[in-house]
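Number of protein chains: 6
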Amino acid sequence: MPYVTVKMLEGRTDEQKRALCEKVTEAVAETVNAPKEKVVVFIEEMPKSHYAVAGKRLSDQ
Amino acid sequence: MPYVTVKMLEGRTDEQKRALCEKVTEAVAETVNAPKEKVVVFIEEMPKSHYAVAGKRLSDQ
Amino acid sequence: MPYVTVKMLEGRTDEQKRALCEKVTEAVAETVNAPKEKVVVFIEEMPKSHYAVAGKRLSDQ
Amino acid sequence: MPYVTVKMLEGRTDEQKRALCEKVTEAVAETVNAPKEKVVVFIEEMPKSHYAVAGKRLSDQ
Amino acid sequence: MPYVTVKMLEGRTDEQKRALCEKVTEAVAETVNAPKEKVVVFIEEMPKSHYAVAGKRLSDQ
Amino acid sequence: MPYVTVKMLEGRTDEQKRALCEKVTEAVAETVNAPKEKVVVFIEEMPKSHYAVAGKRLSDQ
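If you read the sequences in order, they're chains A, B, C, D, E and F.
Residue numbering for the first sequence follows our numbering, beginning at 1 and increasing consecutively.
Residue numbering for the second sequence follows our numbering, beginning at 1 and increasing consecutively.
Residue numbering for the third sequence follows our numbering, beginning at 1 and increasing consecutively.
Residue numbering for the fourth sequence follows our numbering, beginning at 1 and increasing consecutively.
Residue numbering for the fifth sequence follows our numbering, beginning at 1 and increasing consecutively.
Residue numbering for the sixth sequence follows our numbering, beginning at 1 and increasing consecutively.
Isolated chain A (complex conformation) (with noise of 0.2 Å):
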C-alpha cells in the first residue's frame, strides 16, 4: 500500500518503464508518508486503436 496503476500507450522502452517504477515509488513513498517497500506499480499498456479523446481514436487521426 499503496497501489499504483499507470495506463499509457505502449512502446515505451523496457528502461523507460524501469526508471518509471523506481520515480513513481519514490513520489508516493515520500508523499504520502508509505515505507517504499509497501509501494506497488502496475503498467497497463493500450494500441492507439483502443484510446479515444474526443470520440476519436489515436489510430484513427
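These aren't lab readings, by the way, just hints derived from the structure by calculation.
The beta-carbon is built from N, C-alpha and C at its ideal position, and this holds for glycine as well.
Here are the simulated lysine-lysine pairs, DSS-like style, with alpha carbons at most 27 Å apart: (1) B:K48 to B:K7; (2) F:K36 to C:K56; (3) F:K38 to B:K7; (4) A:K7 to A:K48; (5) B:K38 to F:K38; (6) B:K38 to A:K7; (7) A:K56 to F:K38; (8) D:K48 to E:K7; (9) E:K48 to C:K7; (10) D:K48 to E:K36; (11) B:K7 to D:K48; (12) F:K48 to E:K38; (13) E:K38 to B:K56; (14) F:K7 to D:K48; (15) F:K7 to C:K56; (16) E:K36 to E:K7; (17) D:K38 to C:K38; (18) C:K7 to B:K36.
Not the full set, but computed from the structure, chain D residues with beta-carbon under 7 Å of chain B: (19) C21; (20) E37; (21) V41.
Assemble chains B, C, D, E and F onto chain A, guided by the hints.
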C-alpha cells in the same frame, strides 16, 4: 473527463471499435453535459479463458 | 458483457445519471452488436480533491 | 453481481485459471449470499516487467 | 500477488465482508499456488443508483 | 496520457494528497517523456474494512 472504460470479449472488428468510441462519447457528452472534447474512452479486451459467469469460463462452455 | 465504467466528478443529478446509463447502453449495444440486456454500466464518482491534471488538483485551482 | 477481478502475473496454466474461477465464485456466493449464477470473474494477467514492488520490477530482480 | 477486487452493491454486513476476504483468499491461494500471505483483497461498494443492467439502474426498478 | 490511479487507505491529509499529485506527475512526465500537461492522476481511498492481506482485513487486526 468523463473517463469511460469498455471491457468486452476480444473479436470485435476495428470498424466496430471505431463506432463504439464515437457513439459512446456522444452519449456521455449529451447526457452529463460534458464537452465532447473532454470525453476519453478506453477499450479493454479479454479472451474467453479470462471471463467466467457462474464459475464457468466462456472457453469451457 | 460489455461492462462499461464511467468515471467522473461528483455532482451530476440523479436524472443525468439515469439518462447516462440508458444512452450509453444503447450506444454500446448498437455498435458492438451486443444484446442490450447484457450491457452493464457502473458509475464511479470522484471529488475534485482526488483528480489532478498536469499535477494540479481541481480543488486547488 | 458481484464482479471479481483477479490480477496476477502471467504463467498460470489453463487448468489453474479454470479452478480459480470456480472456487472464487463459490467463495463469493456463499459469503455474501449472492446467487452463484450472478457472480462474474475477470482474470487480468501482467508480465514481470509491468509489476514493481518497492520500486523494483520483478523482471529486474 | 494476486490482487483481487470484489465490486458489489453496498449493504453487506461487516461480518459478511470479513468472511468474504477470508474465503476468497483461500480460494485464490489454493488454486493458483500462491502463498496466502501474498493475496490481497479489495472490496468496492456501489449504490443502486450507480449500477445499471440493460440500461436501467437498480434504483429505478 | 498517462493516467495514474493511486489506491490507498483513507486518512491522508489534503496537503499530502496535493503533494502526491504534484510529485507523481513530475515522476511520470520525466521518465516516460510525456508532457506534464497530459498527465492525469486519480486518487482512490478505501477504509480499513475493505482491504485485506493474507485473508485478514486491516480493521480486524
